[in-house]
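Q: Those letters in the sequence shown? Residues 0 to 89, per numbering that gives the first Met the number 0, in order.
To be clear, the hints were calculated from the coordinates, so they are not data collected in a lab. Among the clues, some could well be false.
What follows is a set of in silico ranges between Cβ atoms, one per label pair, in the way DEER data are often shown [stated by the list, open to error]: (1) 16 x 86: 36 to 42 Å; (2) 86 x 62: 34 to 40 Å; (3) 18 x 88: 33 to 39 Å; (4) 19 x 40: 21 to 27 Å; (5) 16 x 59: 15 to 21 Å; (6) 77 x 25: 17 to 23 Å; (7) 54 x 87: 18 to 24 Å; (8) 16 x 47: 26 to 32 Å; (9) 16 x 60: 16 to 22 Å.
Built from N, CA and C at the ideal position, the CB exists for glycine as well.
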Amino acid sequence: MGEGQVGAGEPYAHGETVDPATAAFVAHRNLLFTVAYEMLGSAADAEDVLQETWLRWAGVDLGTVRDQRAYLVRIVTRQALMRLRALGRR
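Using the sequences and the hints, build the whole thing.
A: Next comes the structure, spelled out in structure tokens:
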């Protein structure tokens with residue numbers, strides 16, 4: 000694991016363990032932020048998109064996901080596109 004990454008089932012803060020969805024999201028967070036930032040050009044908007052991505056990811060049945068990285072990138076890309084459309088309407 001890289002610095003700041005926690006694997007599923009590993010101890011986290013205060014002896015808590017991390018669920019697989021959280022571990023996957025944390026492992027790919029930098030990539031997801033980069034994708035959102037490159038699309039939106041704003042760190043604040045990219046962070047908002049990451050929050051929306053997490054909410055969607057938390058509801059996914061991980062047993063149906065073959066490639067977590069690709070799935071997460073697809074979610075963040077779609078969320079960023081929706082954000083761009085919303086910003087264009089303002």
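Q: Okay, residue 16 versus residue 59 on CB: inside 15 to 21 Å?
A: Taking Cβ atoms as reference, residue 16 and residue 59 lie about 19 Å apart, which means the hint holds.
Q: Starting from the hint 36 to 42 Å, judge whether the C-beta atoms of residue 16 and residue 86 obey it.
A: Taking Cβ atoms as reference, residue 16 and residue 86 lie about 38 Å apart, which means the hint holds.
Q: Please check whether residue 16 and residue 47 have a Cβ separation lying inside 26 to 32 Å.
A: Distance hint for residue 16, residue 47 holds at roughly 28 Å.
Q: Quick one: are residue 77 and residue 25 within 17 to 23 Å, going by C-beta?
A: holds (20 Å)
Q: Given the range 34 to 40 Å, decide if the beta-carbon distance of residue 86 to residue 62 lies inside it.
A: holds (35 Å)
Q: Has the hinted range 18 to 24 Å been met by the Cβ atoms of residue 54 and residue 87?
A: Holds, at about 23 Å.
Q: Between residue 19 and residue 40, does the beta-carbon spacing fit 21 to 27 Å?
A: Violated, at about 32 Å.
Q: Can the suggested window of 16 to 22 Å be confirmed for the beta-carbon pair residue 16 and residue 60?
A: Distance hint for residue 16, residue 60 holds at roughly 20 Å.
Q: How does the Cβ-Cβ distance of residue 18 and residue 88 compare with 33 to 39 Å: does it lie in that range?
A: Distance hint for residue 18, residue 88 holds at roughly 36 Å.
The earlier numbered hint that this structure contradicts is number 4, and it is the only one.
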